[in-house]
Each structure stands twice: as C-alpha cells, then as structure tokens.
Amino acid sequence: MSNIEGLLKQHGTPEKEVYLDWENGSVVDKEVYAEMRPFYLERTFGNPAITHHMGWETLDFYMKAKTKIAEPLNIDPQALALTHSFSESNNLAIKGIAKMNKKRKKIIVSEAEHLSVIHTAKSMFGDQYKVEIIPVSNDGTMNLDILHEKIDNDTLLVSLQTINHEIGTIQPVKEALEIVKDKDDSILFHTDATSAFGRIPLDYGKVEVDLATINSNRILGPKGIAGLYVKDGIKIKSIYEGQLSLEILSPDVENPALLAGFAKAVEIQFNRFDEIKNHTQNLRDKLLYGLQTSIERTEINGPSGERRAPDNVNISYLGCEGEALTVECSMNGIYVSSGSACTSRVLMPSHILTAIGRKPEEAHGSLLMKINRLNTEDQINHVLERMPKIINRIRSITGGIEL
Amino acid sequence: MSSRIPLPYAPRVLELFQNPQNLGRMEDATVYAAAGSPACGDMIAFYLKLNEQNAIIIKSSFESYGCASNIAAASQLTIMIENKSLEEAWKITWADVSDALGGLPSVKTHCGSLAVGALRRAIRTYYKEKEIKLPTWLPEELSKDEKHALEEEALAEKLAKKYKLLEKKD
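Going line by line, the protein sequences match chains F and W.
If you count by my numbering, then the first sequence holds residues 1 to 403, one letter each, in order.
If you count by my numbering, then the second sequence holds residues 1001 to 1170, one letter each, in order.
Just so you know, these hints were derived from the structure itself, not from any lab.
Be aware that one or more of the hints could be misleading.
Straight-line C-alpha distance at most 30 Å; calculated BS3-like pairs for lysine-lysine [stated by the list, open to error]:
# : chain 1 : residue 1 : chain 2 : residue 2
1 : W       : Lys1084   : F       : Lys122
2 : F       : Lys95     : F       : Lys174
3 : F       : Lys68     : F       : Lys105
4 : W       : Lys1158   : F       : Lys130
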C-alpha cells in the first residue's frame, strides 16, 4: 500500500462531508456536464477553422456559445478571447500588452492581486520595466491616492482585481478606472474578475475597462478554459507560439466540449443570478457571524457588509496554526484551506494577509471558506456545530505556548 | 523534476496528529525548552522529567504551535526518548524522527529538525542550569538542529520587523 493510500485509510471517510474549498478546486455542475458530454462522444468535435461540414457545424455552435458568455458582460463576443486558464489570461493581459506597446515601461498592480498578476508583473523587471505595487488598506482595498500619485506618462498598464480571491474585498474598480483615464486616456486598465464573474454584476459597456479576466470553473464550469476580454482597438499579442486558429491570442485553445460547458455554466449562473447571490450571501453571513460569535479570539479578514464578496468567509483563529486546522477540519469532514505558511510551498504566510497588516501569527491561523450555490444550510449548520470543537482541540495542542 | 507531490503525509503522522502521545505542559519538569517562533507558525515546547542520579529521561512531553507534521514529530520524539539516557536522546537526529514517522515530505523536514532542536536545547539547558560540566558527548558548539532553530527564530524576527514597517506606513 502506498503512503497516500495508507494516509487515506488512516483518515477514514467522515460520515458527513462539507466542501468549502471552492477557491482551490471545484466540481462541474451536472447540467454543465450533460451539455459537454455529446461534444466528446457524438458531435461537433470538428475544428471550427476548417472548411468542411463538421468544421462549420462546430463554428456555428462556437459563435453561439461565445455570445452566451459575452452577453452578461455586455461585450461583443468577438472581443472575448478564450484562454486555457485565468492565469494565462492574466499573463496575457500584461505580457501580451507589453509586446505590442513598447514605448511605455511602467506597470502598476495592487498588493493584493493574485500571484498570476504580481509574479507576471515582476517578471517584467528583466526587460527594464518598472513595477509599482500599490498598498491596500486593512480591509484589502487598493489605496487610490497612491495609485493617483504613481500614474505618469510612462505608465503602460494598471491592473486591479474586481474581487479579492482570498479575503473577498470588492475593489473600487470604477473609481480606479476614472482616476487612471482622467490622468491619461492611453493608459490601459486590466481587471482580474476571476472571483467576481457571476458573483456581482459586471458591465463593461458601462465600466469601460480595457481588459478583463473571467473564468469558467469558479462558476462550476469545466477547468481548462477561461477568457480575456480585450476592448476593441487594444493592441495585444499571443505570448507563446503555435498555430493560431479562430482564437488569435492562444494557440490550440479551441475545445468545443470545454466551451459548451463554460457557456452552460454562464447561462445557469446568470439565469439564477439573484437567487444564487441571495443564497450564498445568507449562508455566508450565517457562517461568518456564527463562527465569530461562537468562538473566542477570532478576527475576520476582509471587509464586512456590501463591500464583501457574497461567497467569502475568511477568519483568523488566534492560537491555532492553519495547516493543523485544515487537517483537523478534514477529520471532521470539512474541507477548507489556510493562508498559513505551512500550507504553502515557500513556507511564507499569504501575501494578502500580510498586505492587510495581519501579524504572521494571525495569518498562520487563517481559514478560507467559500460558499457555493451547491452548499446547503444543513452543511453550514454542521460546520457551525463542529468548528468550536476543532478550534479547541488545536488550541489545546498549542497549550501554554505564548504567542 | 517537472512536477511536485504536495504534502503526502505518512499514515503515522496522521495517527499521532489524531491521538498525540505525551501532549501537554509538565508541571514538575526538571527542564524545559522551546524552539521556533509563532511568527514562523512553527513552535515546539519540550518538557523533560529526569532521574538526576543516572541522567535517564523518566518522561517527556510537548506542546506545539505548528502543522500536523510538527505535532507528530514532537510526539514521536517523546516516545523515542522514553527511558533513554540524555546521551542517547542527544544522538537522535531529525532523520531518525522522520524515519519513525514513515518519512516526512521534503518541505516538512524542518518540522522534524525543530523537534530535535527543542530537545537538544532542553538537554543543553539542563547542564547549564545545574552548572554541571558538559559531558564529552555534548559539543560546545551548537549542533545543526539547534542552529536550525536559531535560523528560524531569526527569520521570525525579520518578519516581525517587516510587519512593524507596515504599521508605520498606516
């Protein structure tokens, strides 16, 4: 028996399981899967760029599917590039823009961006780019005064996420966009809307960002497909080589089954937008404030009220180390993740929690729980019932160690 | 290597995490030492009760602010040193602890190292507090695992400094 099999056997299968780790992995919705299945087994697997019946059949489907995805964003389907992942979209938004706009050499991003934005920006150092990282407040909001200060006529691009993936901060994208465009209309503005698409209304006809990253698997679509909105007229180029087909920003990305799934996920999410938002928000509040009131020495990470994403619960439990917490939660059938150093490869606490001023020992004790439309009230009750015991046990192991 | 296997704990790690042996503060300990730091999210307190006639460890216990492998490594070490002489206990290495746990993932080897560092610090503290001449098996110079604990504590200090800078900025 391998170590991993032995580990699973030692763990056992909990009687009741509650999955709240939607940030790190998600299931495909049943209806989405039903929509994808025929594209693998039965029809329209042809390449939409080729001139034969099967190709044209796929092309017809392809255009309709992209229209479905573009519609809730109020954008032209032709302005939506398909990519393999949100990380690729974020890479493209920086590197692909830099390739075509060589005169300006400054990139500005917020300190709380996803690493696919921060690391990509920093990777430009080598090409003599200047990278400005704008600090965030203690609830994760980008400091707009500093943004204003740092913009100059050498600035190529500003990237600010719509919702923070870890602490749920809804960023002031509209205000930041106005600041940027008021100062210099030719500075490009990208928003990583990975955690926002399907969660809050986005209208790029009104809030005229130049580039936006959207994602399929965060709304229970398949993994392996995402999008990058590129406003008409913006110059951008693919960042790796290959045979380009219908999609001109990412070679080899046309995949009818994944696209069918993505489009179906969008359809479900937006047809039921208000219902899903109310459901997740109610469960979020129940969980967030339930945990905060039933457990001592906790701190909520991120904003409260209207400026918090409807699906985000992130709390630091002082006196607990987060990796141990995730394992203890797992024993209780609750699957979550932590911003603790020990859960990361580099053994550093989450850069977002340190950016909002959390002390390392506060960051180490954090747990991220995300609420999905598939979660039920019964599941949240289970979490509320178990968490005080989980925290007590881990605190008892910490014992008298003074933090 | 083009891919990584994330944290495949051995079953023994989970077993000790679920049911840690020798957990808790010892009120009548002969000697106590801690290693690591809360800033690193990794700290172990080690308690030893000795028969001072023959320098044999009668019992030991631990507290841990750390991940599952940190807890398991400390607990495993308390089991390994029961009824051992201080000299025998000193000679246990992090590799011995890791082996007894069925192997720690490479990113977690420092957890085994920290447990050993805490134990060795306790042993050294004992001789220092009692003002007994160091036995020949106990080198004047710090061992690798003790140094590791120091390094981790230095890193914690660095993190704390970084945090203070942030405070000023606000």
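Taking the hints in turn, this is what the structure says about them:
no. : hint                    : in the structure
1   : W:Lys1084 with F:Lys122 : violated, 53 Å
2   : F:Lys95 with F:Lys174   : holds, 24 Å
3   : F:Lys68 with F:Lys105   : violated, 36 Å
4   : W:Lys1158 with F:Lys130 : holds, 26 Å
Checked against the numbered hints given earlier, this structure breaks hints 1, 3; the rest are met.
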